[in-house]
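> As given, the protein sequences belong to chains A and B, one line each in that order.
First residue of the first sequence: 0, per numbering that gives the first Met the number 0; consecutive thereafter.
First residue of the second sequence: 0, per numbering that gives the first Met the number 0; consecutive thereafter.
There's no promise every hint is true.
To be verified - Restraint-style ranges between C-beta atoms, simulated for each label pair:
| no. | chain 1 | residue 1 | chain 2 | residue 2 | range |
| --- | --- | --- | --- | --- | --- |
| 1 | A | S422 | B | A332 | 33 to 39 Å |
| 2 | B | G347 | A | E290 | 22 to 28 Å |
| 3 | B | D426 | A | N705 | 50 to 56 Å |
| 4 | A | S422 | B | E78 | 49 to 55 Å |
| 5 | A | E290 | B | E469 | 37 to 43 Å |
| 6 | B | S419 | A | A2 | 53 to 59 Å |
| 7 | B | A459 | A | I556 | 38 to 44 Å |
| 8 | A | A706 | B | P364 | 22 to 28 Å |
Don't read these hints as lab results, they were simulated from the structure.
Since the structure is predicted, the reported quantities are computational estimates derived from the model, not experimental observations.
In this text, a Cβ means the ideal position worked out from N, Cα and C, and glycines have one as well.
This is what each chain is made of:
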Amino acid sequence: MTATHCPYCALQCGITLEPSTQAEASEPVSLKGRDFETNGGALCRKGYSAATLLDHPERLQTPLLRQADGSLAPIGWEQALDLVADKARSIRAESGADALAVFGSGSLTNEKAYQLGKFARLALGTSRIDYNGRFCMSSAAAGTNRAFGLDRGLPFPLADLDEAGMILLLGSNVADTMPPFVRHLAGARENGGLVVVDPRRSATAKLCEDNAGWHLQPTPATDLPLLLGLAHVLVAESLADTGYLAARANGFDAVKASLVSWWPERTAQVTGVPAEQIRRTARALAQAASEAKAGGKPVYILTGRGIEQHANGTDTVTAAINLALLLGLPGTMAGGYGTITGQGNGQGGREHGQKCDQLPGYRKITDPEHRAQVARVWGVEPEIIPGPGLPAVELLEALGTPTGPRMMMIHGANPVISAPDASKVSRALASLDFLVVCDFFLSETAAQADLMLPVLQWAEEEGSMTNLEGRILRRRAALEAPGNARSELWILSQLAQRLDAPGRFSPAPREVFEELKEASAGGLADYSGVRWDDLDAGAAIYWPCPAGTEVRAEPGIRNGTPRLFLDGFAHADRRAVLVPVAFQPAPRKNTSATVSLVTGRLLEHYQSGAQTRRVAELAQAAPEPLLEIHPATALSHQIAQGQKVVISNERGEVTARALLTADARLDTVFLPFHYPGSGTANLLTEAKVDPHSRMPEFKHAHVSLNAVEEEQ
Amino acid sequence: MTEHRPQRIVIIGFGPVAASLVEGLLPAAASGQCAITVISAEEHLAYNRVLLAELAVGAAEFEHLGMVDPQRLADAGVEVRLGVRATGIDRSRRRVHLQDAGHIFYDRLVFATGARAVVPTLNGLNFDPHAEASLPAGVFALRTVDDANQLRESLGPGRRIAVLGGGVLGIEAALAIATTGAQPVLVHHGPAPLGRVVDADGGALLARNLRAAGVEVVSGAKATGIHKDDQGFAGLMTSTHGLIQADALLISTGVRARTELASGCGLPVGRGIRIDEFLCADTERRIFAVGDCAEVAGQPPAGLLAPGWAQAAWLSRHLLELDNSTVSASLPAPDFSASDVLMLKGQGIELTAAGDISAGYWDEPDLQATVYADPARGRYLKIVTRRDAVTGFLAMGLPQTSAELVLAYERGTALPEDRSALLRLDDPATEQVSAIPSDEDQLCRCSGATYGQVAHAVNAGCTTVTQVGESCRAGTGCGGCKAKIEELLAKAPAVA
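Can you make the complete structure from the sequences, with help from the hints?
So this is what it looks like as structure tokens:
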């Protein structure tokens with residue numbers, strides 16, 4: 000029996016795998032929930048059914064090369080690897096190293112994320128690497144970095160939420176995306192203190208019913224002014240914790256002045272949230288926070304992609320952090336601010352150097368000292384490490400342009416579905432000279448590849464992952480991969496050898512982990528004191544964990560840094576920073592012909608659906624995208640229940656059947672983004688990006704609706 | 000080679016709109032692209048006038064009203080001259096003359112002089128539309144911190160404060176006064192406060208709500224003068240209701256743009272300083288105006304902050320562009336059109352109104368009036384639509400409905416054909432279908448387990464939620480359906 004973790008989200012639920020003994024078993028391993036702290040033995044439907052993908056008939060088992068007639072034909076590994084190396088060399092010789100690009104993922108293990116960044120910089124010599132986490136955690140990362148000097152999704156153990164008296168949860172539908180998370184909301188709900196902010200009455204918003212709390216339902220893309228309005232009430236009613244602010248934070252005066260213009264009635268007119276609800280929420284937070292500081296139950300403010308995936312995502316995160324700071328919470332036992340990381344290794348994926356501006360250990364690629372430290376570990380001169388590259392949206396836009404990359408390697412991502420303005424992305428990929436995709440299924444992106452390399456799935460590989468609370472976990476292999484699928488570490492080591500790359504490129508996860516630790520030593524995300532054997536023994540270790548940290552594996556013992564900032568923030572003066580942020584209401588204009596579109600996730604599917612759409616149980620439960628629309632809005636658009644609707648704007652059009660629900664706002668429709676083809680919600684989203692994080696505007700677009708008359 | 004000298008921008012007035020203009024220029028000031036001087040006759044840095052009633056009754060503190068962080072301005076090199084009055088503009092020499100303080104040069108000059116309270120023609124009050132009126136003791140407006148302090152000093156248990164003017168500011172002031180134990184008397188002309196914003200039924204409900212909140216309402220009053228005793232103000236004389244005795248008088252009868260400085264230097268002035276759609280007052284593009292003192296392209300000042308802030312945001316960019324180049328005449332005109340949405344602020348009466356609600360039920364067919372009245376719960380709604388787009392509405396006691404109506408009104412979106420869908424927003428009783436679930440209905444969202452599967456597990460001998468979970472995964476995700484499983488377990492026949 001193998002103890003490991005679910006392959007999907009950042010909750011990384013504990014599971015056990017046992018090889019199936021019966022020959023007629025539907026899955027090669029039997030998967031069960033394991034009593035682990037984040038899930039307490041619980042799993043969701045995605046997790047339960049994950050093992051069916053291990054021996055799925057569509058599983059890719061050999062490298063596939065695009066033929067002249069457009070078909071894909073199996074080739075051997077030697078030929079495949081030689082081809083990648085040859086292409087890389089010749090394109091590099093003609094157009095320079097930056098003509099080679101790499102696109103990574105928050106689903107890769109720490110070792111793969113680390114090795115991929117190193118491979119791009121040393122073996123390819125390119126600066127052009129970024130990853131799909133840019134579409135995920137970048138706004139939260141930018142916001143927490145500027146406020147606290149450090150970005151760890153939850154700066155406290157998830158289980159701390161269990162004790163909460165009040166939780167303000169913005170833009171996160173955990174009841175669908177990570178159901179076992181809901182167990183950690185039980186305390187706040189019992190206390191009547193769960194407040195959910197979401198334009199939809201989502202499954203999570205419904206957790207507030209029956210006096211468990213309340214739901215604020217703003218019109219889309221107005222989370223920032225709503226947060227400013229909440230903070231305004233704290234300041235105007237003298238509810239801010241001025242003692243805490245004086246002792247632990249800078250910037251209160253500037254933020255105070257910036258909030259004066261957001262009195263509740265003005266905020267109400269912009270957000271659609273009634274003024275009294277704004278006052279009630281702010282006052283309740285202040286009351287709960289003051290009780291928490293007197294020894295009562297802690298208070299948390301948590302954000303998710305709903306408020307972060309906007310062109311003002313970083314400022315919105317900053318406004319949420321400012322609210323937490325005004326309440327005097329971060330860095331105390333009275334609560335704090337956290338962001339709920341999405342992808343399985345969305346945390347580790349953003350620490351080890353696959354971001355365009357970053358080196359391992361959460362180091363800056365522009366900082367000479369940081370470069371020197373990493374160069375020393377890599378055994379190279381700092382000068383050969385390229386400078387900063389392009390963040391994801393810009394990188395994808397640059398593909399195939401005269402000065403842009405001509406070749407790209409994609410690992411664990413499906414940008415044809417998951418990137419904004421998806422039809423443009425698909426065209427950009429098509430314009431490449433050579434596209435290599437590493438995946439275990441022929442995803443929509445892999446289907447465009449010139450060369451497809453089959454890789455291992457979660458139950459076939461060893462490695463480490465870092466979950467949403469910054470705890471490092473072991474992913475373990477329970478069975479052999481089918482056919483000729485190979486590990487990405489092996490592929491990268493083979494390619495590095497063929498490209499005469501300097502430095503080591505071990506194919507062995509544990510060796511890469513040891514190197515990763517060394518490279519991270521002294522960095523913000525310091526793993527140097529994390530021992531593989533301790534992880535294997537089940538020790539709960541949270542980074543930073545510098546070398547020499549005493550680690551004990553007994554249950555209930557937390558090692559490393561379970562709670563950050565208790566004795567100071569990660570800025571030089573140990574103080575947090577309140578940054579004033581502004582919201583400029585859009586000029587009044589007649590938008591009567593359009594409605595707002597928000598995009599999101601379903602319980603049954605994960606990310607681009609490349610995996611979950613292949614699980615029969617999940618595909619049957621949610622086979623196609625449904626457009627959620629208020630019955631009154633549907634009526635004015637002559638849309639009936641179940642009718643096909645074309646949802647369109649200047650970027651593209653999507654077809655989906657209507658699902659009439661009063662859970663929607665009158666001015667807003669919802670589409671899940673997991674689906675391919677004419678159901679790809681991201682055909683409609685805009686590649687406009689946040690100035691700080693380069694996060695695109697995923698969560699709000701204006702669309703027109705047209706019912707389709709169907710032949711009977 | 001001539002060295003580039005920073006553009007000298009002088010702003011006269013330091014209210015909320017000027018604060019926003021300075022904020023927009025701050026990065027350029029910090030980088031040395033422009034040098035900003037702000038002249039303010041008031042002794043205070045910009046503060047939020049919207050919250051003055053709260054300040055007067057002690058519900059807000061002055062330090063929380065400040066709209067600028069002096070340290071940030073100082074760091075960016077912004078020069079702020081408080082308590083200094085500009086006395087004249089010499090446009091040919093590009094100088095602003097200051098009272099007792101010489102003069103300063105400008106490359107661009109921005110009037111942000113705002114508006115002053117209108118003092119009505121009443122016996123016993125000086126009337127001068129173009130100067131700060133000197134009012135007798137116990138008579139004041141509510142435009143400045145000093146006014147708020149005067150109001151604060153007039154308050155006390157049982158003290159009667161007459162509020163002249165039934166507009167939104169008068170109502171808010173009266174409501175705020177009522178929370179202190181003093182007795183506000185709202186004196187206004189017309190049948191109900193808020194004039195044409197409300198219809199007869201809405202006005203009656205508003206007056207009722209005001210009285211319930213402790214405000215004495217005197218409607219249809221025509222004030223003629225003030226009555227003084229040796230303490231100062233002692234009552235308001237009316238031709239309709241005789242003498243209304245009170246200990247102080249708060250005048251809330253509108254504002255008038257401060258334009259005398261502009262007209263004194265030959266700039267055209269109407270209801271405000273006359274500027275073009277690019278906020279410019281002169282042909283040389285040296286002088287601009289924003290906010291309550293400005294008449295933009297023939298539109299009188301709205302007396303609202305939102306358009307002023309939009310102007311300030313646009314002008315801060317425009318001034319920097321002007322510095323870099325000559326701006327072409329084909330520039331698209333910015334849009335500063337103001338919303339006329341009115342929302343009564345924070346005193347327990349929920350009232351939101353916009354547009355024109357005068358249409359009757361039987362008016363022209365494409366102008367539809369929809370009305371809902373619920374006197375027992377203090378709720379009233381009137382919506383006027385043209386082809387389903389809102390042209391006016393009044394909502395009382397319906398916070399969620401009115402919040403949605405504001406958005407629909409602002410965007411011009413069509414309302415649901417069935418307007419009662421809006422009312423249901425304020426009645427969140429969810430339409431829970433209590434139909435008996437069938438075997439195929441999902442019991443557990445997380446696992447997808449159905450009622451039938453759980454029933455099967457129970458029939459097969461499971462006696463605990465855990466056992467049911469092991470059998471069919473129900474209840475093993477978020478845990479939210481445990482109660483339903485327990486219910487099915489309880490119903491199961493006892494094993495013999």
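> Does the hinted range 37 to 43 Å hold for E290(A) and E469(B) at CB?
holds (40 Å)
> Between A706(A) and P364(B), does the beta-carbon spacing fit 22 to 28 Å?
Check passed, 26 Å falls within 22 to 28 Å.
> That 22 to 28 Å hint for G347(B) and E290(A) (C-beta), does it hold up?
Taking Cβ atoms as reference, G347(B) and E290(A) lie about 26 Å apart, which means the hint holds.
> I want to verify a distance hint. Is the separation of the beta carbons of S419(B) and A2(A) within 53 to 59 Å?
holds (56 Å)
> Is it true that S422(A) and E78(B) lie within 49 to 55 Å of each other by Cβ?
holds (53 Å)
> Does the Cβ distance between S422(A) and A332(B) fall inside 33 to 39 Å?
Since S422(A) and A332(B) have Cβ atoms about 34 Å apart, the given range 33 to 39 Å holds.
> Just to be sure I understand the hint, the distance between the Cβ atoms of A459(B) and I556(A) should be within 38 to 44 Å; is that true here?
holds (41 Å)
> Can you let me know if the beta-carbon spacing of D426(B) and N705(A) is within 50 to 56 Å?
Roughly 32 Å apart at Cβ, these two residues miss the hinted range, so it is violated.
The structure does not agree with numbered hint 3 stated previously, though it agrees with all others.
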